[in-house]
Structures are given as C-alpha cells and as structure tokens.
Amino acid sequence: MVTIKEMAQELGVSTTTVSNVIHGKTKEVSPANVERIQKILKKYDYTPNINARNLASRRSRIIGLVVKRGFMKNRNRFTDQFIGGILGAVEERVREKGYYLMVYSVNDVHQVQQLTMSWNMDGLITSGFVEGDIRYLRERYKHPIAIIDDYDTNGLGNCANIRIDDRKAEYELTKYVIGCGHRKIVFLADNLVNLDRQRFLGYCAAMEEAGIPEEEQRFIKIRNSDKGVMVNEQEIYEASFLYTAFVCSSDYYASRIMNMLRDKGRKIPEDVSIAGFDDVITARLVRPALTTVRQNIEKKGYAAVDALIRLIEEGKKEELIIQDTELVIRDSVKKLN
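Numbering-wise (our numbering), the sequence shown opens with residue 1 and increments by one.
Since the hints were made in silico from the structure, they are not lab data.
Hints are not guaranteed to be accurate.
Unchecked claim - Here are the simulated lysine to any residue pairs, SDA-like style, with alpha carbons at most 20 Å apart: (1) 267 to 211; (2) 335 to 297; (3) 175 to 299; (4) 267 to 234; (5) 221 to 181; (6) 43 to 68; (7) 264 to 216; (8) 68 to 264; (9) 43 to 82; (10) 299 to 327; (11) 184 to 142; (12) 68 to 139.
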C-alpha cells in the first residue's frame, strides 16, 4: 500500500500537506493542491490507518454527541427540528476539524458513563440535560465537555457552556405581547427547570414591569404521555377563553397548541394569540406564521464544537458563550390597542 510520504514525493509537496487533506484540514492548502492530492488518493484508493494514528497519539479523535430524550422516551429525538439543526452543524464542524462523531440518545445521564467507558472519546457535547446532570457527569468523566443550554456549570472546569440569554429573550417577547394590549397572558411549557425556568422568569419580569399582579401570572404545564401526546388538551382549550395570549416555551408546542385549538373551532389570533420560541422552520410554515424568538441553532452547534476543540487542544479550563437572539414579529399575535 502506498504511503503518505510516497504520495508527497510524487506530487512534490510536504507530507503534512497530504495529511491535512486526508483529514479534512484544507483551509491552509491551496485549492490546486487539494485537487491534486484528492486525485492521487483516488488513484491509489488510499485509506488512512486511523487506529495506528490514534495509538501513536494516544487520542481517539472521537467526539461524542449525547442528547437526552426527556419525558418522551419512545420518541426519536432527532426528528426534533432544534436537535436536528444541532446535529447537522456538529457533524459538519467535527468533520472539518478532522475528528469523528459518535451520536447517542439516552434516557438519563447515568447511561452516559457506560458510553464514555466503552469508547476512548476525546470530548463530549451534550444537549437536553438539566440541573444536576452535568455535575454528575463531570464527576465521572474527566475529559472536556461542551454543554449546549445549561445553567449549572459554573466552576466545574474543563467545560464550555453554549447558550443564549433565555430570560432576557423571553422578557422581550412577553413585553412585545403586552405592548400589543394583552394583559391576560399565560406561559406554557412541559417543565420549569433549566432553560424553561429562565424563560418563565423572563415572562414574569415583563409582567411585573407592566404592573400585572403576581397572582395574575400563570403557568400551565403541558402534560404529555410517553409517546408525546398532550393529555391535558381540554385544560389548554378552556384556558383559551380565560386568556388573550399564550406564550409558549418553544415553536414546537406553540404549533401543536395552535393546531389543536383550531381543530376545536378557535381562531388564531382573533380568539387567542400565540407566541413561540426558537424560530425553527415550523414557525414559518404554520398559518398564521408564529411570532417568536429567533436563535441561530446551527451557530450553536458550530460554537460547541469549536469550544470543545479549544478545550482539547489548547487546554482551556472553562468558557461561557452566550449567543444573540432576535424578536421575530409575524401574524400570530393580535394587536388589541
């Protein structure tokens, strides 16, 4: 089998240049040389010996992406548009950096320890874990971790946290809804922990600022079966007669609630206004299109990989990356004034 050194000599380039192209690191290689090297790789049907390289470096160059399923344990988590966007961005950036990706979906954090012990991963990216999960994992996994959306990582070391300012973003969204004349507003989510708690606190802050009493600030918990079916649709339907606006923790729930209410004869936004969060593609496809908070999901995935590589290769200890959001005004919130 031809070696990297032999191909480099044939092309008149360095072995480092050939190696960089083989492992996807092409930013510092001219397009002409990339094309020449790719042709010779194809000519010799070259396949790099990954195991030999990893043994020599004592690193696997494997990064794990671990996603928590949450309450819907029987649901394919990667059909979620938010998680799908994260996965696509992480896979692309990991490949660009010359690493390899292993993807897992788990029911709870205890399963992660078994995965990390089975494979010599250089680092982990996590999504969907809540308070306490990361601390539990940090005690048992000593390699770098990049956490997407968590509020429980300060002082853990060897970690990067990539998130938005959920409280501020929800505050601005609720303030807009209030500015449209609504005062009877309810917040809907399937829990009040981690980022959903921060969003609820942002809703409460906007309500308090507008002089709406604390006793009129309401939370309705969306209750799901383990297959993801809302089991309290009647409660939500009845709430549409008591409140003029629903502020939902995600576009996913906002869209589902909108469809359910319309199926029962309620008009959106004439009878009740609905706002979401995330600005996934569904927010633009439903009718009326959703007023929501836009966060750059792909950018979150890219930032998680970049931060993790800095932890692995540069020895950074801790990093907090807070990304921007944007209020997106569409047609699902009615102006009452």
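Here is what the structure says about each hint:
no.	hint	in the structure
1	267 to 211	28 Å, violated
2	335 to 297	29 Å, violated
3	175 to 299	26 Å, violated
4	267 to 234	16 Å, holds
5	221 to 181	24 Å, violated
6	43 to 68	43 Å, violated
7	264 to 216	26 Å, violated
8	68 to 264	33 Å, violated
9	43 to 82	41 Å, violated
10	299 to 327	17 Å, holds
11	184 to 142	48 Å, violated
12	68 to 139	18 Å, holds
Figure legend: structure checked against the earlier numbered hints; hints not met, in rising order: 1, 2, 3, 5, 6, 7, 8, 9 and 11.
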